[in-house]
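Visitor: First to last, the sequence lines map onto chains A and B.
The opening residue of the first sequence carries number 1 in our numbering; numbering runs sequentially from there.
The opening residue of the second sequence carries number 1 in our numbering; numbering runs sequentially from there.
Think of the hints as simulated: they come from the structure by calculation, not from any bench.
Fair warning: there could be bad hints in the mix.
As the list claims (entries may be wrong) - Some chain B residues well away from chain A (every beta-carbon gap over 12 Å; in silico): (1) Asp-34; (2) Gln-81; (3) Lys-143; (4) Glu-278; (5) Lys-346; (6) Ser-424.
As the list claims (entries may be wrong) - When the alpha-carbon atoms are kept at most 20 Å apart in a straight line, the in silico DMTMM-like pairs for lysine to aspartate or glutamate are as follows: (7) Lys-45/B / Glu-35/B; (8) Lys-139/A / Glu-89/A; (9) Lys-411/B / Asp-324/B; (10) Lys-198/B / Glu-146/B; (11) Lys-352/B / Glu-263/B; (12) Lys-141/B / Glu-156/B; (13) Lys-182/A / Asp-214/A; (14) Lys-108/A / Glu-442/B; (15) Lys-182/A / Glu-126/A; (16) Lys-425/B / Glu-89/A; (17) Lys-425/B / Glu-51/A; (18) Lys-346/B / Asp-69/B; (19) Lys-346/B / Glu-409/B; (20) Lys-425/B / Glu-126/A; (21) Lys-296/B / Asp-369/B; (22) Lys-108/A / Glu-441/B; (23) Lys-296/B / Glu-229/B; (24) Lys-139/A / Glu-455/B.
Please read all numbers here as calculations on a predicted model, not as lab measurements.
All residues carry an ideal CB built from backbone N, CA and C; glycine is no exception.
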Amino acid sequence: MLEIQDLHVAVDGRPILKGLSLRVRPGEVHAVMGPNGSGKSTLAFVLAGREGYEVTAGSARFGDEDLLALEPEERARAGLFLAMQYPVEIPGVANMYFLRQSLNAVRKSRGLDEIPAAEFMRKVREQARLLGIGEELLKRDLNAGFSGGEKKRNEILQMAILEPRLAILDETDSGLDIDALKTVADGVNRLRAPDRAFLVITHYQRLLDYIVPDVVHVLADGRIQRTGGPELARELEERGYEAVLGGRLAA
Amino acid sequence: MATALDTVKDYTEAEYKYGFVTPVEEDRFPPGLDEDVVRRLSAKKGEPDWLTEWRVAALRRFFAMEIPDWQKVRFHPIDFQAISYYAAPRQKERPRSLDEIDPEIRRTYDKLGIPIREQEVLAGVAVDYVFDSVSVATTFKRKLEELGVVFCSMSEAVREHGELVRRYLGSVVPPGDNIFAALNSAVFSDGSFVYVPKGVRCPMELSTYFRINAAGTGQFERTLIVADEGSYVSYLEGCTAPMRDENQLHAAVVELVALDDAEIKYSTVQNWYPGDKEGRGGIYNFVTKRGACRGKRSKISWTQVETGSAITWKYPSCILQGDDSVGEFYSVAVTNNRQQADTGTKMIHIGKRTRSRIVSKGISAGHSDNTYRGLVRILRSAEGARNHTQCDSMLIGDRCGAHTVPYIEVKNRTAQCEHEATTSKISEDQLFYCRQRGISEEDAVALIVNGFCREVMNELPMEFAVEAKKLLGISLEGSVG
Ligand SMILES: Nc1ncnc2c1ncn2[C@@H]1O[C@H](COP(=O)(O)OP(=O)(O)OP(=O)(O)O)[C@@H](O)[C@H]1O
Ligand SMILES: [Mg+2]
Chain A
1 MLEIQDLHVA
11 VDGRPILKGL
21 SLRVRPGEVH
31 AVMGPNGSGK
41 STLAFVLAGR
51 EGYEVTAGSA
61 RFGDEDLLAL
71 EPEERARAGL
81 FLAMQYPVEI
91 PGVANMYFLR
101 QSLNAVRKSR
111 GLDEIPAAEF
121 MRKVREQARL
131 LGIGEELLKR
141 DLNAGFSGGE
151 KKRNEILQMA
161 ILEPRLAILD
171 ETDSGLDIDA
181 LKTVADGVNR
191 LRAPDRAFLV
201 ITHYQRLLDY
211 IVPDVVHVLA
221 DGRIQRTGGP
231 ELARELEERG
241 YEAVLGGRLA
251 A
Chain B
1 MATALDTVKD
11 YTEAEYKYGF
21 VTPVEEDRFP
31 PGLDEDVVRR
41 LSAKKGEPDW
51 LTEWRVAALR
61 RFFAMEIPDW
71 QKVRFHPIDF
81 QAISYYAAPR
91 QKERPRSLDE
101 IDPEIRRTYD
111 KLGIPIREQE
121 VLAGVAVDYV
131 FDSVSVATTF
141 KRKLEELGVV
151 FCSMSEAVRE
161 HGELVRRYLG
171 SVVPPGDNIF
181 AALNSAVFSD
191 GSFVYVPKGV
201 RCPMELSTYF
211 RINAAGTGQF
221 ERTLIVADEG
231 SYVSYLEGCT
241 APMRDENQLH
251 AAVVELVALD
261 DAEIKYSTVQ
271 NWYPGDKEGR
281 GGIYNFVTKR
291 GACRGKRSKI
301 SWTQVETGSA
311 ITWKYPSCIL
321 QGDDSVGEFY
331 SVAVTNNRQQ
341 ADTGTKMIHI
351 GKRTRSRIVS
361 KGISAGHSDN
371 TYRGLVRILR
381 SAEGARNHTQ
391 CDSMLIGDRC
401 GAHTVPYIEV
411 KNRTAQCEHE
421 ATTSKISEDQ
431 LFYCRQRGIS
441 EEDAVALIVN
451 GFCREVMNEL
461 PMEFAVEAKK
471 LLGISLEGSV
481 G
């Protein structure tokens, strides 16, 4: 589903990713962990096509497509979703309205009609209820004045409505209280499906107690330094990056 | 229902989709302006002497005036002698029923998306269609007549309601107010007239659709709306013009009069041809719009969405004379490419406890220039007057300009004025966020800009709001990336 090979990315001429390779198959959940500033968000952004992230070498394929050749909206329409570490506020644009524009844009690109208003409302209300998002939050301006936790839940709501093939969650757990963490994890687990994959970026083992990954990667110094099963995350939690990666971590 | 974004998509082919010309036979004067032209114009319309003399007096004032230079806009000198002051589709008489309208003109309105017949039946909006200089149709007449509401072309009003016209014409915008008002007073060819009698709430939106078709002409329409005691009316104005390399002059005058407890809501969606990317052609939109809240507790509310014209120069204003009267101004002005807009309002507080509210949203893109210019004047008599002004500017790209020029004059110590201003840019973060959710860059701009303008858009009547939303998107096409 996603195949990244020897990816090199620079920001402002400074190399951040230095030969990253990663392969995600349909149905899998991969966790990416790594120290602050190691390039996790950079990986997420470059996959989503954000400007300013310059690919200097390597490739990334999504299904049969050359992911890096697509515009950000084309990637989204092809089924790539990024739940952002810092969701953006758009004043004057109602949360629900935005979601409908988004869903219809995606549907249109697939030759589908717009979703009927009633069906849309029903779907959103149902998902919102499961995620503990109140009616009032749906009507408010997109992310404007939302608390940190509300923003994160809202990202998951968007994901649930857009039903992507590959969802990248960039620190969706940070800033969540324990109950919210569980609600969000349940939201993700409900979406797990044989044809859908997840790339979960996190600092905390706790999230992975709820969203149990198939594969855990440790990203440091712009490269995947170690790959293992769920036990790798626990090892990291206990011993820290320094000890786990040992000499592999550049000074 | 199609959403705004999808409709914006439908338009992406056409840069200015209203830019076509209708092949109709025209009856027109050769270019030139003098007293004789004015007298002939007046005679052609069969006007009474008082009006002929009123026009001639205005023309004399016009010749004695200069184009002011305080505004921020720059333009080529206008050769008033090169303009034809009368152009009308050739028609023996004004059609008596809608079926008699020239099929070409009917087709024009169809293409503009406002079919004359359907508009009446479906939307329940009464429309007056002004094609070049004359009004070609007024729909929904009978229903309005039952209520005593007069809604007709200005020419007809002069004939049928001469006394009312004579009493109010020029009473809010005197002919000598400014050079363009003087010109309009001398040569106005048609326009709309509305009178709402005491205590009547006009049950439907009244609307005028202005269309400049002929080359080498100007459009000088005159609108007068009088709301008698305790009445209410909501009025909409829309406009388009063909694409031409020359600049065409539009110098309208709109006068509103609200008596005790009356309310007038006046909404404009202005989409005159803005000129091309290099700034060739486009309409010079120099209009004078002013409302007088003469009565106690009267209210006048201006809402405008300005997306067209090469140059827009207008300040819809309120004279708050009656005690406890209220003036409102809600404005969205979008400029792209080489467009220039210098627009705002004047709120003149005379009566006690008069209140005014100004919400202005300016959006500039390309090489355009967008100025808000507003005056709040509180006279000594205006005990307890209040004003709140909010001016927000949004910049798209870094070659455009946004300016806010507020003038505040307060002569009464009990008055309160508040002014807030912000300037923002569409951020990369916002654009990326939208695109990551599958929304194209152009649609994202339209979405963010519509959000920025929401307070103003909310003031527009429903069917107009949909149109206005589309327009914002279209006007900003090609402004990013
Ligand atoms: N726009 C930018 N301009 C300059 N430097 C940047 C930019 N974006 C990222 N970087 C740098 O790239 C490096 C990797 O950043 P990134 O955000 O990918 O780290 P991260 O692994 O997500 O960290 P965290 O765990 O703190 O979220 C950092 O050193 C950061 O300062
Ligand atoms: Mg990060």
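Visitor: Now, for every hint given, state plainly whether the structure supports it.
Guide: Comparing the hints with the structure gives:
With 12 Å as the threshold on Cβ separation, the claim that Asp-34/B sits away from chain A holds: the shortest Cβ distance comes to roughly 51 Å. No beta-carbon of chain A is positioned within 12 Å of the beta-carbon of Gln-81/B; the least distance is around 47 Å. Every beta carbon of chain A lies more than 12 Å from that of Lys-143/B, the smallest distance being close to 32 Å; the non-interface claim holds. Distance check on Glu-278/B: its Cβ is at least 28 Å (rounded) from any Cβ of chain A, clearing the 12 Å threshold; non-interface status holds.
The non-interface label for Lys-346/B is consistent with chain A: the shortest C-beta to C-beta separation is roughly 27 Å, beyond 12 Å. Against chain A, the non-interface label of Ser-424/B is violated: not every CB pair exceeds 12 Å, the least being about 9 Å. Proximity of Lys-45/B to Glu-35/B is assessed by CA-CA distance (about 16 Å); at most 20 Å being required, the pair is judged to hold. Among the hinted pairs, Lys-139/A with Glu-89/A is consistent with the structure: their alpha-carbon atoms are about 14 Å apart, no more than 20 Å.
For the hint linking Lys-411/B to Asp-324/B, the alpha-carbon distance of about 18 Å falls within 20 Å, and the restraint holds. Restraint check for Lys-198/B and Glu-146/B: the C-alpha separation of about 14 Å stays at or below 20 Å, so the hint holds. This hinted pair checks out: Lys-352/B and Glu-263/B have alpha carbons roughly 18 Å apart, not beyond 20 Å. In summary, the hint linking Lys-141/B to Glu-156/B is supported, as the alpha carbons are separated by about 13 Å, within the 20 Å threshold.
The straight-line distance between the Cα atoms of Lys-182/A and Asp-214/A is roughly 19 Å, inside the 20 Å bound, and the hint therefore holds. Proposed proximity of Lys-108/A and Glu-442/B is supported: the alpha carbons are some 16 Å apart, at most 20 Å. With a C-alpha separation of about 18 Å, the suggested pairing of Lys-182/A with Glu-126/A holds against the 20 Å cut-off. Restraint check for Lys-425/B and Glu-89/A: the C-alpha separation of about 13 Å stays at or below 20 Å, so the hint holds.
Taking the CA atoms of Lys-425/B and Glu-51/A, the gap is near 17 Å; set against the 20 Å cutoff, the hint holds. The straight-line distance between the Cα atoms of Lys-346/B and Asp-69/B is roughly 18 Å, inside the 20 Å bound, and the hint therefore holds. Only pairs whose Cα atoms come within 20 Å are accepted, and Lys-346/B paired with Glu-409/B is accepted, the gap being roughly 11 Å. For the given pair, Lys-425/B sits about 36 Å from Glu-126/A by alpha-carbon distance, which is inconsistent with the 20 Å threshold.
The hinted pair formed by Lys-296/B and Asp-369/B fails the criterion: a straight-line CA distance of about 39 Å is larger than 20 Å. In summary, the hint linking Lys-108/A to Glu-441/B is supported, as the alpha carbons are separated by about 15 Å, within the 20 Å threshold. Distance hint between Lys-296/B and Glu-229/B is fulfilled; the C-alpha atoms sit about 9 Å from each other, no more than 20 Å. As the CA atoms of Lys-139/A and Glu-455/B are separated by approximately 15 Å, the hinted pair is consistent with the 20 Å bound.
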